[in-house]
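*Asks:* With the sequences and hints as input, model every part of the structure.
Residue numbers (the working numbering), protein chains in the order written: chain R, 16 to 129; chain W, 239 to 352.
Watch out, some of these pointers could steer you wrong.
Below, computed lysine to aspartate or glutamate pairings styled on EDC-like, alpha-carbon distance capped at 16 Å [to be verified]: (1) W:K287 / R:D110; (2) W:K339 / R:D110; (3) R:K33 / R:D77; (4) W:K339 / R:E94; (5) W:K339 / R:D74; (6) W:K262 / W:D344.
No lab work stands behind these hints: they were computed from the structure. All of these numbers come straight from a predicted model, not from anything done at the bench.
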Amino acid sequence: EAAVTQSPRNKVAVTGGKVTLSCNQTNNHNNMYWYRQDTGHGLRLIHYSYGAGSTEKGDIPDGYKASRPSQENFSLILELATPSQTSVYFCASGDLGGRQNTLYFGAGTRLSVL
Amino acid sequence: AQSVTQPDARVTVSEGASLQLRCKYSYSATPYLFWYVQYPRQGLQLLLKYYSGDPVVQGVNSFEAEFSKSNSSFHLQKASVHWSDSAVYFCALSQYTNTGKLTFGDGTVLTVKP
Chain R
16 EAAVTQSPRN KVAVTGGKVT LSCNQTNNHN NMYWYRQDTG HGLRLIHYSY
66 GAGSTEKGDI PDGYKASRPS QENFSLILEL ATPSQTSVYF CASGDLGGRQ
116 NTLYFGAGTR LSVL
Chain W
239 AQSVTQPDAR VTVSEGASLQ LRCKYSYSAT PYLFWYVQYP RQGLQLLLKY
289 YSGDPVVQGV NSFEAEFSKS NSSFHLQKAS VHWSDSAVYF CALSQYTNTG
339 KLTFGDGTVL TVKP
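*Replies:* Below, the structure written as structure tokens:
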């Protein structure tokens, strides 16, 4: 079973502060993703990566940076956090070879920006 | 641009009753389609997926979904629900060329009454 671990699980930050959300996967998947989920809405893609050293912008990248230093780790960085970034953030990994095409999600990080 | 619409924000059914959760999509070609389930304070888990072929696909826990190209729909069904099926259900699509980048609907909250 694929394993995706996010840390921290909960975070309270101040407006203007820097926040780093971490994600680790142990399945050697090439692709990793960061989504945010807001109440009453589906997930929206922030950034994604095809492998170590690569990051790509998703649908809502403004205000976020991403870093993929290794196959296993993918971080989401909020340089200057704002209250509008209060949300639940999900990391996912996936191996898209053949017909696999399945994403495995972490349990989420609940971020509150005050 | 692609989109996914789940017209029912909340659905309540009695235990043992049949279930249908609706999903409509908009995409110019034939997409990859998915249903994910999210239990409280957990990440999303894949229920089933459709690529091509038989329009009825079977998933975990006796869920199935039927793809209709003419109706641009991918409705989720279950013959007899259990209280443990209470969760949020998301329909999602990916482009045929598939990058793993999913477009999600807003989700349907399912409550199963004992």
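*Asks:* Evaluate each hint against the coordinates.
*Replies:* These are the hints, each one checked on the structure:
Restraint check for W:K287 and R:D110: satisfied, since their Cα atoms lie roughly 15 Å apart, inside the 16 Å limit. Taking the CA atoms of W:K339 and R:D110, the gap is near 12 Å; set against the 16 Å cutoff, the hint holds. A C-alpha spacing of about 15 Å is found between R:K33 and R:D77, which places the hinted pair at or below 16 Å, so the restraint holds. Under the criterion of a C-alpha separation no larger than 16 Å, the hint pairing W:K339 with R:E94 is inconsistent with the structure, at around 24 Å.
Annotation: proposed proximity of W:K339 to R:D74 holds, straight-line Cα distance about 10 Å (limit 16 Å). Between W:K262 and W:D344 the alpha-carbon distance is near 12 Å, which keeps this suggested pair within the 16 Å criterion.
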